[in-house]
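Starting from the known structure of chain U, arrange chain D on it as the hints suggest.
Residue strings, one per chain:
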Amino acid sequence: MDWTVWVEWIVKGFVLCLILLTGFAYLTLYERRALARMQVRVGPNRAGPQGLLQPVADAVKLIFKEELTPGKVYKVVFILAPVLTVVPSLVLAAVIPLGTKFNLFGREILLYVADLNVGILYLASIASIAVYGIVLAGWSSNNKYAMLGGIRSSAQMVSYELSLGLCFAIAIIMGNSMNLNEIVNAQGGMWFAVIQPVGALIFLIVTLAEVNRAPFDMPEAEQELTAGYHAEYSGMKFALFFMAEYQKMIVICMIAATLFFGGYREFWFLKDTIFSVDRYWFLGPAYMFLKVVVLLFFMIWVRATWPRIRYDRLMTFGWKVLLPLSLATVFITATGVLLAQELNNINYYIYGVPALSIICALAAVMMIYRDLRRKSNGRI
Amino acid sequence: MGVFDPVIELGRGLMETLRSFWFEPTVTYQYPEQKREVRPRYRGRHVLKRYENGLEKCIGCSLCAAACPADAIFVEASENTDEKRFSPGQRFASTYEINLLRCIYCGFCEDACPTEAIVLGDNYELSFTDRRQAIYTKDLLLEPVPSADMLTPRKMDPGAFTRSVPEMKDPID
Chain U
5 MDWTVWVEWI VKGFVLCLIL LTGFAYLTLY ERRALARMQV RVGPNRAGPQ GLLQPVADAV
65 KLIFKEELTP GKVYKVVFIL APVLTVVPSL VLAAVIPLGT KFNLFGREIL LYVADLNVGI
125 LYLASIASIA VYGIVLAGWS SNNKYAMLGG IRSSAQMVSY ELSLGLCFAI AIIMGNSMNL
185 NEIVNAQGGM WFAVIQPVGA LIFLIVTLAE VNRAPFDMPE AEQELTAGYH AEYSGMKFAL
245 FFMAEYQKMI VICMIAATLF FGGYREFWFL KDTIFSVDRY WFLGPAYMFL KVVVLLFFMI
305 WVRATWPRIR YDRLMTFGWK VLLPLSLATV FITATGVLLA QELNNINYYI YGVPALSIIC
365 ALAAVMMIYR DLRRKSNGRI
Chain D
9 MGVFDPVIEL GRGLMETLRS FWFEPTVTYQ YPEQKREVRP RYRGRHVLKR YENGLEKCIG
69 CSLCAAACPA DAIFVEASEN TDEKRFSPGQ RFASTYEINL LRCIYCGFCE DACPTEAIVL
129 GDNYELSFTD RRQAIYTKDL LLEPVPSADM LTPRKMDPGA FTRSVPEMKD PID
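First to last, the sequence lines map onto chains U and D.
The first sequence begins at 5 in my numbering and counts up by one.
The second sequence begins at 9 in my numbering and counts up by one.
Only chain U is shown next, with the shape it has when bound in the complex:
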């Protein structure tokens, strides 16, 4: 193999890691500022102009903090656990296309690290590995709270991964491929989120649970479990958990954008205009950035608004509501695609699928309401 290919891979991987690391740093600032603004505060604005150097200050602080290893922890696993959490969150982004391609030194540079033909399977498998880090951290800490946090986290992730997988299935069916590039290109005409809004909504809810964000931040419920699985961690090891959480947020928003919101492609109504990514390659990363920022804002917004859901209700919601609903949406999507093919009428797909899945979602809401009313003896 040509050595330049290796150089290109290494440089692309390095750049991707850098993007994720700086993205993590500035996501913390973004979250703190946005959260503060929603709570009618200002947020960190002292370090640098508008607080732009705050992440640097935080990093310096965390690096120079004393690192404590409690006496009775299982040392090997204790040290390995943060690494096991961070690595998947970095590796996950490898298959996500960030744009089309551009020419540099006579070479055609593609804007993704790996073009995997089973990209979605890769995402699903790597995303599940991240739970090991959390469980092992909780277990090796030799602390009951940390243990409970780790167990909760694993139970929650396993439960919600089913719905996540079914959402992946929706995107696979609609894109007719497991390759993320082809899924993105299939959304040139219309975003999947428009055709299958319920699927996109389920995906957004499930990703909140997958990255342990409010209102599903059970594993780190401060009021119940002190800090959850990372209660015994300090200094740089804690920073690694922190980093993993925020990088996962970024990556999962990238995945959501790729699967349901057109990836690096422009808005569907801007196709064939001057704003199309086919015209200028640099618009691809720009659109991706924009979509990720908006989706991250959604996550922060939800965190600022809704209280934490009770643990048993979290499980009930995952197993009894989201799983059947996502099964139904997969079924509806598949039927719509099939009908459109067999009867050669695209209307079954572009009108039938959204209408039926929205009806399904409303039915689900109705059932939740009835269940709540039954449990509260009609007091609701």
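Incorrect hints may appear among the rest.
If you want the ones that stay clear, here's a sample from chain D, every Cβ over 12 Å from chain U, calculated [claimed, not checked]:
id	residue
1	D13
2	E24
3	V46
4	E91
5	Y113
6	L128
7	G129
8	T170
Counterexamples of contact, computed for chain D against chain U with all Cβ distances above 12 Å [to be verified]:
id	residue
9	K57
10	A74
11	P77
12	S86
13	L109
14	R139
Here's a subset of chain D near chain U, in silico, CB distances under 10 Å, partners left out [what the hints assert, rightly or not]:
id	residue
15	G10
16	F12
17	L22
18	M176
Just so you know, the hints here were simulated from the structure itself, not pulled from any lab data.
As the structure is a computational prediction, the values presented were derived from the model and not from experiment.
Don't be surprised by glycine CBs; every beta carbon is placed ideally from N, CA and C.
Just chain D now, kept in the frame of chain U:
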């Protein structure tokens, strides 16, 4: 309650936070540059007051020290003479120390003072780097003289200040 009310309520919650995100002005004071005015009855650091003629109001009676629940005040009194007069009347406080680490800012010393000499002021920017700095002595607590010729101690006509507690109106604030 309708069937979709729970969902509508969730949406209303989201709209509320979004509204404060975009439209509500922040309530934050950018502290070191922008200071907030204290209330008229704010109880900050103590100030020892003077009369208009520059004499100290404090007569060294130690009632504030007796009233102090945290035992933060130490007063030592000495005799005034007409050659060296600090305050009207017979005695003045030659030592007046408040340990601001013990003080709980309750304001009992203000209430106990018969001459309204000690007042809890507006200064809340108190920080110390060691314990000794927290003990405020008389020269730190005493209010500056109204003009340069009114320094204490000073020579006074004999018999001009025999009364240590002045005639006072009822306190207003």
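Hint check results:
no., hint, in the structure
1, D13, "violated, 8 Å"
2, E24, "violated, 7 Å"
3, V46, "holds, 21 Å"
4, E91, "holds, 56 Å"
5, Y113, "holds, 27 Å"
6, L128, "holds, 30 Å"
7, G129, "holds, 29 Å"
8, T170, "holds, 58 Å"
9, K57, "holds, 38 Å"
10, A74, "holds, 44 Å"
11, P77, "holds, 36 Å"
12, S86, "holds, 49 Å"
13, L109, "holds, 28 Å"
14, R139, "holds, 26 Å"
15, G10, "holds, 9 Å"
16, F12, "holds, 6 Å"
17, L22, "holds, 5 Å"
18, M176, "violated, 45 Å"
Taken one by one, the earlier hints fail for this structure at numbers 1, 2 and 18, listed in ascending order.
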